[in-house]
Structures are given as structure tokens and as C-alpha cells.
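*Asks:* Chain order of the listed sequences is A and B. The end of the first sequence is residue 350 by our numbering, with every number in the run present. The end of the second sequence is residue 425 by our numbering, with every number in the run present.
Treat the hints as calculated values from the structure; they're not laboratory data. All values reported here derive from a predicted model rather than from experimental measurement. Think of the CB as a built atom: it goes at the ideal place given N, C-alpha and C, for glycine as much as any other residue. Warning: the hint list may mix true and false statements.
What the hints assert, rightly or not - Here are a few chain A residues that sit away from chain B, every Cβ distance over 10 Å (derived from the structure): (1) G70; (2) I100; (3) I112; (4) F139; (5) I268.
What the hints assert, rightly or not - Stretches of chain B that chain A covers, calculated by requiring three or more beta carbons in the stretch to come under 8 Å of a beta carbon on chain A: (6) 17-26; (7) 29-40; (8) 238-245.
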Amino acid sequence: MPEQQEISLSILKKRWLKFKTLKRGYYSFILLIVLYGLSWFLPALINNRALIVSYDGELYFPVVSGYHSGSEFNQDVPGEALYRELQATWKQAGSDNWLILPLYPYSPFEDITVQGNKMYEPPSRTHWLGTDNTGRDVFARLCYAFNISISFALVLTILNYIIGVIIGGSMGYFGGKFDLFFQRIIEIWSSLPMLFVIIIISSIIRPSFFLLIFIYTIVNWIGMTYLMRAEFYREKSKDYVAAALSMGQTNFKVMFKHILPNSMVPIITYFPFAVVGGISALVGLDYLGFGMPPPTPSWGQMLDVGLQNISKWWMVFAPVSAQFVTLIMVVFIGEAVREAFDPKVYSRLR
Amino acid sequence: MTTYFIRRILLMVPTFLGSTILIFVILQMAPGGPLEQTIQQLQAGAMQSGESVGSVGDIMGGGSSVLPPSALRELKRFYGFDKPIYQRYLSWLGVWPREIKHREVKFENGATEAQKNVGRGTYMTLRLEDDLVQVYDKDGKLSNVWKASIDTDGAEENLILATIFQTEFSGILTGNLGTSYTYDQPVTEVMAPRFKISVFFGLTGLFLSYIVCIPLGIRKALNHGSAFDFLSSVTIFVAYSIPGFALGGVLLVLFGGGTFWDVFPLGGFRSPTDVWETLSLWGQIKDQLWHAVLPIIAWSIGSFAGLTVLMKNSLLENISQDYIRTAFAKGLQEKRVIWVHAIRNSVIPIASGIGGVIGVVIAGSYLIEKVFNIDGFGKMGFQAILDRDYPITLGFLVIVVMIRLVANILSDIALASVDPRIRFK
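This is chain B alone, in the form it adopts within the complex:
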């Protein structure tokens, strides 16, 4: 058993690599990426100031443009497009050195040596040797901190351009998800508060749906075919046929104070900060719950139908088993037979599903977050795609993939621990 789980955990690695490579390639190959968008914005800015500009293609090709080649190079470097895609992926992972603190160096007309101030009054000497550039410190020794390379594109006649830089291993494996383009903050800092919000809703919704669905399923199974069973089945059909976010929209129209009743706020996670801070602790709790009621209903509705039907069918199946008949034949009371014998076996499929539900609940909620205008994790990921904010998009997907992979293993562990008959191999 332990071997099985160790193998499962090891198998996560190729799956993780495979899915990140796939996402990375799709994003990086896509036209209209952050580089092109920035260039377009700069172009639009230039257009407004009345200068004539060429097309994006011109600029990319280094032709007539408002962007000087050095600025273009700087942009490309900022977005990482100066390197081939496999290098970008590997340095994003953190196993390929990333170039940092780069500065440009010019070699004047035929010179083979140039000096560069690299900060704090330290000068480095760059020497052209064959096709390479070597960096020497002030004692004339080869520097082991600074490296340099020749820039080929955008080079002008009689002028050799080089870049001097340091290298560092830093990527998702070292916990560095990069810096967001739009927020100008480390990705982890952008994510943390939003992730908390989504987890709050996800876990509350999960907890609530289990609390409602398990007893409901049990009651339906015990009264199979009764009026109660029929009526609750109708509710389940309704819940199954209306997606959570659409229900959220209907609830907002009804209770958000548009045309009908003004009971709940129109959205948001809680009151704005300036109001929030004036509230007492009790007031804060009330405010939080007041904002959370509608989104949580929308959140839980998705798993409501599935869970209830699963619980009901699983219990029904168990009740028709021989061991239940045996228990009755032994003269046990109905209560004991059902609550001790049958229920224990019926929760097995529910327990095994918990991993999958967690994965979906935490990550798959951006539609609801959008409806209720909650600044959560899913909405952040969605907005990042719109903004072409690749560090956030990638970071978001990495976290979602990780949650799913871990959740899968968790549900197997849960299954194995509630059902001793199960032996994975």
C-alpha cells in the first residue's frame, strides 16, 4: 500500500511537467502576447502624440518605428522573449540560470575593450576575445559573478553591443512564481489574499453541502418512493439543471435590491475597507455572513444534486445486501441495522469523492466569483488571461494543477482508510 502511494506521488512529477509544458507552450506561442500588447500600447501612445508609426511587424523587425532598438531589446528581455522557448521554460522552472541585473555595454568603433559601472563604483572590464566577451574585475581576474554576451539583433554598423549580467537559479521550484505584469508585485503576494477568499467560500460551501446532502440522501433512501422522496427529487432535478452561476444571477436579481427585494448586497467579499474597519467584531462577523449567503448558495448547488443522489443510491444498494438481511434476522433493531451497519458502508463512495470535490470547489469557481464580483482566486486567473499577465496565469494554473493532483491522491487515501477491503497495487 505504502509503495503504491509512493509511486503515485512520484508519478505526479511527469504529469506535472507534462501539463506545465503544455500550458507554457500554448501561452508562449500565442500571438498577441504581452510583448506585442505593450508595443501596441506604446504605439498608440505615440500615435496620440502625433508621430507617424509603422505597423507592429515593422517594429518587431526593427524597421522604422517609434521604439528604438535598445528599448525593444529591453522589452524583449523583460518578457523573456530574448531566449528560445525551452530555455524560458527551464528557467521558469528554476533549473536554468536566469539572467538578472543586466546592463548594456557598447564597444565604440572597433574597440575590443569597454568599461562598465556595475554599481557602487565598481567597474568591470569587458574584453572581446574571438566571438566571446569575457568579464574581468579590477584586479584583472575573470569575474565569476558577472557574465556577458553579445547582442546580435538590433546591432548597428561599427558598433558591437553586449550585455553584462549575473545569473541566478530562480523559478517555481525555488518558490519564485515571478512578478506580475499588471500588479507589479510578486505573484505569490497577489495570490495569497485571493486564494484565502476562494478557500473560505469553497470550504464553507463544501461543508454545508455535506451537512445537507448526507442526511437528505439517507432520508430519501429510507423513504424510497414516498412523497418526501418525490418532492426532494424534484428539488434535485432543479438543482442539477441550473448551473451555480446562473442561480447566483437569479438570486442577485431577486434579493440584490434591483426590482424586487433589497435583502442582500450586490456582491463583494465584504464591505469596503473603510466601512469594514469601523465595525465591531460582531458587526464584522455579521457583515461577512451577510455578504456570503448568496455566493455560498450558488457555490453549494453544484455538488448538491450529485452528492444527495450518490448518498441515496449507495444506501439503497447496501440495504438490499445480504448482510443487512442477516442483521435483521439476528433480531437487531432497525435503527441499529441502518445507522451502524448500512450507513458505515454507504459513506464509502462519498468519502472517496472528497478529493475531487475539493479540487473543483477551490479552483472551479470563477464564474460565480464573476457574478458576485468577488475578488477571488478564479477571477484573478481569468483576469490574468485577459491582461496577458503570463506570470499570474502560469502561477494560477500551476496551483490548480497541484491541487488537483494532490486531491486525487487524497481521495485514494481516504478511500483506502474508510474501506479496509480496498488494496491498491
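Next up, chain A with everything else stripped away, as it sits in the complex:
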């Protein structure tokens, strides 16, 4: 009998391989990860400060070292040096000084107070997506907002998951009065229009990034909690839990080492859709003016400016497309993850 090489794959590995075959989701996943990774290096890619300046034989690194006044490079401007103009003058004069600018030499914060910037410039070769109501470059802001949006949604979702697993898990596992008490709380919570509550709270305290996440978590934890409650409730009655308990495992260990890994499917399949919710919520809040404090780059704030000036079409199209492309990638990932983790096989008609 020929020895049969049986390769035993873990279920996670099988699912990962299945996920890789779903091209749309898989490539979205890779692309999104690369873009998000890159977005952490935005200050070196999209910025008005030069990467390297060589002036009088000395090297400067303004991206890292920060503020350099114009007079340091013998430039006659008030305040910070204008590196784009500096480069042009040096080139024209054919001097030995040189500097390297980032790929896209505009910062998301430089407005009309910086020489040469104009309000509402339509898209052109210098400003790829035009400028906004204060002369800031739309493309630069768009990219920085991408990083903030994704980070916001990720941190928010993970926090919600932690709370959901702990509270929801305990509700399902212990049941009884604890469960009843939190069920009432959840019922009260879910009867409130949550975006409104957030607006009320944000209108009182001007939120920062983490404060906004904190507020949003307070109002948003119920979804995951309810999901985990049902999951733990179902798993609790299975034999392996009884076996673990009879071997003297503590409740804590049973919950997190035995039940949790078995409840992973809903946790993972739900994740991308929770991220979609987080991104959309931030855009909505920013649009209403109750999100990140200005001048944080944000799609919602750009949309607000655009909708106040309907004829400045790029101010509406740019953020909506950015949001749309990001969300559709996440949705593709979500769909592929669901397919890989929780496949539904439908038999055909007849």
C-alpha cells in the first residue's frame, strides 16, 4: 500500500488559502494594507518640508528636525522657509546648494497665509485635486485623512471587540442576574439615537482623536456585545466546555481559552463591516462638525466645504471618491472573509 502523504492543514490555514483564491477580496486586502502602511510615512511623501537640504556644505533634514526659518537659508520670507521656492531659486541661480522635496511637496495644513497659495483652485498639475476654502491642498489632506479614518475605525473596532467579548461573553457564560441587568442596559442603549447622543456629548466637549473613540465606544459597544452573548450562550452548553470544567479549569480559562477560539468565525467575519461602520460614522460626524477638531484633515469636513460651494465640484467628488474606494475595498475584503470562513453552499434549482 503506497504511503499516502496526508498534509494536515489547520482550519485557519485552510481558510487563509480559500481567502487567497477569492481574488477581489485578496487583492483589496493587499492593496489596503500597503496603502495603510505607506500612509504612516506620509510626512516624508506628502509634505511641504524638504527631505534633505544641502546649504553651504551643511546638511539639514527639515522633515525630521521640523521648523527652519527662511533666514537660515538666506531666504527673504517671514517665518518658515518655503522649500519649493528655495529649490526654484537655487536651480535658477545654478548654485551649489540643493534640496530634495517629498514626492508631493504640499502639506495638508499650509493655507493661504503661505505665499502663492490660492483659495478654490481647480485641479491642476501642481494641485492634483485643487485647493479648498483656505487654500489647502485637497490631495494632501485626502491622503492624511485616509490614515486617520482607517486608524479611527481600527482602534474603535478593536476596542468594541474587547468590550464586547468581555461583557457579552460574561453575559452568555454566566447568565442569570448579570445577564438580565445588562440586557436592560442594552435595551435602553439601543433605543437611543446614538449619533445624536454623540453630537450632544461632542457639542459639550471638543473631542480629540482618542476622546472621540472613547465617546463612540461608549455608545457603540452593544452590537458586538450582543453577538458575543449569543455565541457564548450557544457554546456554553457544548460537551467540550463541560469536559474542561470537570477537569477543574477556571471560568476565566474556559471562557478565553476554550470558548473564545470557537467563537472566532463571527468575530472575524464581522470585523470588516464594523470597520466600514467606523469610517462612515467618522465622515458623518466630521461633516456635521462634531468629529475631529479642525484643522485635522478629514473627508467629512471637506465634504462640508464642498456642499457649501456646490460649484467647486472637486471639493465634493474628491472626498466622496476617496471614501467610496476605501469602503469598497473593505467591503470586498469582508465579502471574501465571509466566504472563506463561513461558506454557504446553495444547491441549484433541481
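Position chain B against the provided structure of chain A, taking the given hints into account.
*Replies:* Structure of chain B alone, referenced to chain A:
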């Protein structure tokens, strides 16, 4: 079953109380409330007229200020901040007597008796007895209509201040939502026309999305894997990835006559009243529809993706069931099997979702209302928060909470009535 629903309806009461207490406390505890805003406005007004003013803190503490203590007391009373928070909440509910028609009374230097005209030439006599003030009418009997209390804060030396007032039970339980600070109208009167607008959009959007989504879902399920299925899936992904209000913005830019096509108006519920009234009935209908097209598209897009996918998956699941195979085996025609056997079971999840959709559609639309500048219910609530108009904010939230609670029960009833297998206990 009936017992179950009665219990559900009874359970609404604690939930309702819990959520209103929560909102009430958040609003009342918040700094920068209506009282402080009014004081600040008065201060700013005084500043313009060139008087020197202290900080808000000074004024609140009754220190040097442009506001005389009596005016401050009057303001506090107007906004209800003269009472502890639990009393405010209970009288807002309507189970604690509310003080109305109050007038101030001064007791001059050591006097224990004061007279007060309470209107129509009727004088009431107030007598200080120990720490209490009693009100007597002109026959010398204790009045059972008027009551009085001593004002402790803001009292000056040798001068005792008292307030004479009537009481009344009036709150949300008696249908009184209070009077708006900004509109100076009863809250219900502010709400009614705006609520109608939102319901118009909400229900039209709901109706349209059901009309489109159910047949679309059925068609997708029957042609699962076909080119049509693929193409419509793309549309669904697009619809899911673009929030309704953002789509509304894009539609406005494209069709609102800015840079591109001038097809639809830039917003509003209908033409301004002076134009509206000159239109014939047919013209009014056309005008209304012309204004409604873009907002309704934005409104329906939210439920479009979810509903279609729900319908498709539910039908797919049913088609793979044994009873369908049995029906085919009996020799029934495909049409009959699908339209009579499978569809009837597939609409169950759709029917049960209707309550939740109603709740969201009616109340969750302020983003779209803001984009299209429609003076609807959601926009009113949003504006009320900005203006610190607490009666409207609270009234708005009460209505939204009520709609949601009722909608939840409605969807259970809908579920129970379309699916006889379901037994709630």
C-alpha cells in the same frame, strides 16, 4: 402570545424611563447650557454698550455683574435651574407639580406680612410663619390655589424675598413637551410640520426601496451566478460603500446646476410659499416631485443593498430546502414552486425587518436633510442641540425613542403574523 406582547409593552415603560433619565441627566449636567448661554449673550450685549462686566462665574455667584439678582433668579426659574435635577425630571414627566404664574414678593424691613396683586384686582396676603410663608385670600382663609416659598439665594440684608405661585401637573405624560426657547412656540407645534416632511420622505423612500429590492432580490436568486447577478452585485457593493448623504452631495453637484447639469433644485422641501401658492394642483404635484427626486434616492440607497441581499439569500436558502425538491418531485411547475412555495417563506425575514427600517427611516435622516436643506424632523433635532434648545432636544429624543420601541414590537408582531411557526414566550 398575547401575554408575551402585553409583557413587551409593559417593559417599554422602564426602558423609556431609563433612556429619558439618561438623556435628561446628560443634557442638564452639561456645561454651556441655555442658562449660561443667555447670560453670556446678555453680557456680550452689555459689553457692547460699554459697561464693565465680570465673568460668568461672577454672575452665577451673584457677585458684581450687569445682571441684577432678581433677573438672574427669573432666568434660572425660566430654564428650570432653580430646582434640583430629580424635581426637574419629574416635573418634565408631569408627575411633580410645576410652578406657574410666579410673582415675587418683598417683605420690607422686618415685616411679617405682605400683600400681592395676583391679577384682576385680587390681593393675596402672605404671612411669615416660622420658616414658612403662608398665603391667605381676602377672607383670611388659607388659599388652596396659591402657594409661596422663600427665596434663599440672592436675598439681601433686612429683606426677605418670597415667590408666590400656582402649581400644575404638566409634562410629557400630559402631552405637554414644553415651549421651545428658540421658536417661542409649543414644542409640539414646532415638531408637527417638520415631522410630516420627514415621514413623507421616509415612507416614500421605504416604499420605493421595497418595490425595487424585492423583485431584484428574487431575480438575483433565480439567476444566481449569471451576468445579471454579477452586474447587480456590483451596483449593490457601490450602494453599500457610499453613504446616502454623500451620494446626495454628489447628485447635487451633478444635477443641482453648479458646474454640470441644471436638472433638479438645490434643495428644500418644495418651492418657497409665495411661488407654491400660485401653482395649480397639478403644478404643485410636479413641483413636489421635482424637489423630492434626489433626496429620495439618497434616502433609499441606505436600505437598498441590505434589503436586496437579504431577499436574495433568503430565497436561495429556501430553494435549497427539501420541501422545494418535494414540490418539484410532485410534478409542480417551476413557476408555481417558486412564486407560491418558496417566495412565501422567503419574505419572512423581510417582513420582520420592517419595524427596524421604519425607525431608522423616520428618525435617522438628518444628514440627508442637512445636505438637501430640508427643514425636516432630524434637522430640527440637530439644530436644537446646537441652540441648546432643551425642550425641543428632549421632545425630539422622546419621539425617536418611542418610535423605536414601538417599531421593535411591530416587527415582532409582523414576524409572528407572517410565520405561524413562531411562538414567542
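*Asks:* Now tell me if each hint is right for this structure.
*Replies:* Against the structure, the hints come out as follows:
1. G70: holds (38 Å)
2. I100: holds (37 Å)
3. I112: holds (23 Å)
4. F139: Check passes; 18 Å lies beyond 10 Å.
5. I268: Check passes; 19 Å lies beyond 10 Å.
6. 17-26: holds (count 5)
7. 29-40: holds (count 3)
8. 238-245: As far as the region 238-245 of chain B goes, the hint holds, because 6 residues have Cβ atoms under 8 Å from chain A.
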